[in-house]
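Visitor: As given, the protein sequences belong to chains W and L, one line each in that order. -2 is the number of the first residue of the first sequence in my numbering; add one for each residue after it. 55 is the number of the first residue of the second sequence in my numbering; add one for each residue after it.
Just so you know, these hints were derived from the structure itself, not from any lab. A portion of the hints provided could be inaccurate.
Derived EDC-like pairs (lysine to aspartate or glutamate); straight-line CA-CA distance at most 16 Å [what the hints assert, rightly or not]:
id, chain 1, residue 1, chain 2, residue 2
1, W, Lys355, W, Asp380
2, W, Lys254, W, Asp204
3, W, Lys424, L, Glu102
4, W, Lys337, L, Asp100
5, W, Lys499, W, Asp458
6, W, Lys432, W, Asp276
7, W, Lys425, L, Asp92
8, W, Lys424, L, Glu148
9, W, Lys337, L, Glu102
10, W, Lys337, L, Asp150
11, W, Lys425, L, Glu102
12, W, Lys224, W, Asp458
13, W, Lys500, W, Asp435
Computed from a predicted model, the values in this text were never measured in an experiment.
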Amino acid sequence: MTAFLDARTLPSDVVLEPDIAIIGGGPAGISLALALANTKLNILLLESGNQNFDPANQKLYGGSQSGLPYIALDAGRLRFLGGSTNHWGGWCRPMDEVDFEAKPWLPYSGWPFPRKTLEPYYARAQALVEAGPWIYDQKGAAENAAEGTVLPLGKGGLYTSWFQFSKMRGDVLPTQFGKRYEAELKRATNVTPLLHANIIAIRLSPDAKRVEKLDGATLGSNGGGGKRFTVKPRFVVLAAGGMENARLLLVSNDVMKTGVGNQNDLVGRFFADNPVPRDVATVVSFAGPLAPFYGSNQSLDDGAIMRATFAPTAAFCRSAQVLGSLSTIEQPVELDETGKAAVITTAIALGVDASNAKARSLGCGMELAPDPDRRLVLTDEKDALGLPRLKLRMRIADEDFARYRRTLIELGRQLLASRTGMLHIDKKNRADWMKTMDWGHHHLGTTRMHTDPKQGVVDADGLVHGLGNLYIAGSSTFPSYSASNPTLNLIALTLRLADHLKKVMA
Amino acid sequence: MRRRTVIGSVAVAGAAVAAGLYRFTDLFAKHYPPTPYDDVLSVLVDREEAARFGALVRAAPAPGALAARLRAILKPNGLAGAVGADIAAGRLAEVDGWVVPQSVALLSALAAKA
Chain W
-2 MTAFLDARTL PSDVVLEPDI AIIGGGPAGI SLALALANTK LNILLLESGN
48 QNFDPANQKL YGGSQSGLPY IALDAGRLRF LGGSTNHWGG WCRPMDEVDF
98 EAKPWLPYSG WPFPRKTLEP YYARAQALVE AGPWIYDQKG AAENAAEGTV
148 LPLGKGGLYT SWFQFSKMRG DVLPTQFGKR YEAELKRATN VTPLLHANII
198 AIRLSPDAKR VEKLDGATLG SNGGGGKRFT VKPRFVVLAA GGMENARLLL
248 VSNDVMKTGV GNQNDLVGRF FADNPVPRDV ATVVSFAGPL APFYGSNQSL
298 DDGAIMRATF APTAAFCRSA QVLGSLSTIE QPVELDETGK AAVITTAIAL
348 GVDASNAKAR SLGCGMELAP DPDRRLVLTD EKDALGLPRL KLRMRIADED
398 FARYRRTLIE LGRQLLASRT GMLHIDKKNR ADWMKTMDWG HHHLGTTRMH
448 TDPKQGVVDA DGLVHGLGNL YIAGSSTFPS YSASNPTLNL IALTLRLADH
498 LKKVMA
Chain L
55 MRRRTVIGSV AVAGAAVAAG LYRFTDLFAK HYPPTPYDDV LSVLVDREEA
105 ARFGALVRAA PAPGALAARL RAILKPNGLA GAVGADIAAG RLAEVDGWVV
155 PQSVALLSAL AAKA
């Protein structure tokens, strides 16, 4: 069993020469290291932080923003081993086939491969996030196992889909990769996790074809830079998250003046998150309370934790030109007099009894359209290690809200068609949407994947266009985003990368 | 006066009172002043609630035009048929955020205006 190394204790100006250097010890970095464990490859896993939260280290994430108000850049991520899994909610759902499609009506959409390319990796990804047996939308599986009745929806554009959840441990948050996989990482004799190890530059060969070395630094006890070290790997995998991946490429501009992989001005563009507006609508169930799995998580006998959500079908996405959205039932709502009048009048017209009707709010996780001008750029302000800080230019198009509104109207129509309920849209205008806006803290798209170097930073394997040995892992490579939470999906993508690296390096 | 006559008179008087209570008070059933659209409004079981909801319908046509439109909508299959057809065809209205069949919105608007 190998212990974790501390970069602060390395000899001065040491040069490390692994086969693969993985930059970032979050879910992508750890999943990749585990997938490459017990191979002949010598893996160095570089983690900026320690095994616990450190405010000084966290400050390295600080940045600024303009445009639409967004969460602080150091608030939605955690800079220590395990990364964002140290505070994630454990929501899991595989992306849908339609999420991978290029849509003629949606510029920049589509992945270089279909969902079936990722399918062989989902089972292992599911095991890593400890979300129990694979159930999700397998026909009837959740409905049969969960307690309660699925709300019938009339034929149409939405259906009841299912989230699964990373394993809860009492009141403790879901699987935290740093803690959960500490023993496995230590057991893997070919994997060396190096803590307190910040990479501050990616140095390219003069012909800009390969990464020659990585400049590393520790954070000094005085709050500034500490020890310096160098990594000369055969291959590099950048897995530092949707913001830091872009930042590290942009700051590494000594050979490629616009930054590594940024010859087409794409790095940092197309930033996205999943907006999570609260109280978007009120759903009335004429018959009374909905099954418990609509409003909260339900644990099944086989260990799976499930929650129902309303998702658009692929056919509806295509025909109505809407994007992904996952709408979940939330809090009970007391209707006002006009609301009651609406329910009574509509129920009578439908010929149903609404005397026991119950209303609940609806929340949502939305997918945004790809937008090149929603982007991260470098500023003149520097962090404690001398790296320029990021600025986020955030925005949401009115059309993003309009698309989701079409989805809500269809859900309302289907409730009426099944004569089980009805729906009130709580948002009248953009200000309304923004008033209750929360975010998924999912940082997506800043090093997007595309087969064409003019449209993507990395190719379909995650290799940075134009370079022979620099790969990127994680949701920064997602070219379009889906409404499904990214962790399960980015892990599946990372496991695919692991297989690719094994072949390339064999 | 014969006893039979007294009993009969009391019964007639009682029936008259009951009929009056029914027709001219809301004790047994809600009564509304007559309108030219009562043939349409009669499909509403709870006209008061419909009127409360219908007051939120924006830019509704004048009652006469509304009633004419509703007569055409309701003629083939009544309210249930009209509502079902609206839902199937996606003819929905948003009334102050409530997503309802168009015929329900129109009928409610007429109830509010009548």
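Visitor: None of the hints should be skipped; say for each whether it holds.
Guide: Hints, verified against the model:
A threshold of 16 Å between alpha carbons decides the hint, and for Lys355/W with Asp380/W the separation of about 52 Å lies outside it, so the pair is violated. Our distance criterion of 16 Å between C-alpha atoms is met by Lys254/W and Asp204/W, whose separation comes to about 13 Å. For the proposed pair Lys424/W and Glu102/L, the alpha carbon gap of about 27 Å is over 16 Å, so the pair is violated. Taken as a hint, the Lys337/W and Asp100/L pair is honoured in the structure, with Cα atoms around 12 Å apart against an allowance of 16 Å.
Using a Cα cut-off of 16 Å, the hinted pair Lys499/W and Asp458/W holds, with the two alpha carbons roughly 12 Å apart. Between Lys432/W and Asp276/W, the direct Cα distance comes to roughly 10 Å. Compliance with the 16 Å bound is thereby established for this hinted pair. For the hint pairing Lys425/W with Asp92/L, the CA-to-CA distance comes to about 34 Å; that exceeds 16 Å, so the pair is violated. Taking the CA atoms of Lys424/W and Glu148/L, the gap is near 12 Å; set against the 16 Å cutoff, the hint holds.
Simply put, Lys337/W and Glu102/L have alpha-carbon atoms about 12 Å apart, close enough for the 16 Å limit, and the pair holds. Restraint check: the Cα-Cα separation between Lys337/W and Asp150/L comes to about 13 Å, which is no more than 16 Å; the hinted pair holds. Annotation: proposed proximity of Lys425/W to Glu102/L is violated, straight-line Cα distance about 26 Å (limit 16 Å). Annotation: proposed proximity of Lys224/W to Asp458/W is violated, straight-line Cα distance about 34 Å (limit 16 Å).
The hinted pair formed by Lys500/W and Asp435/W fails the criterion: a straight-line CA distance of about 42 Å is larger than 16 Å.
In this structure, the hints that do not hold are numbers 1, 3, 7, 11, 12 and 13, in rising order.
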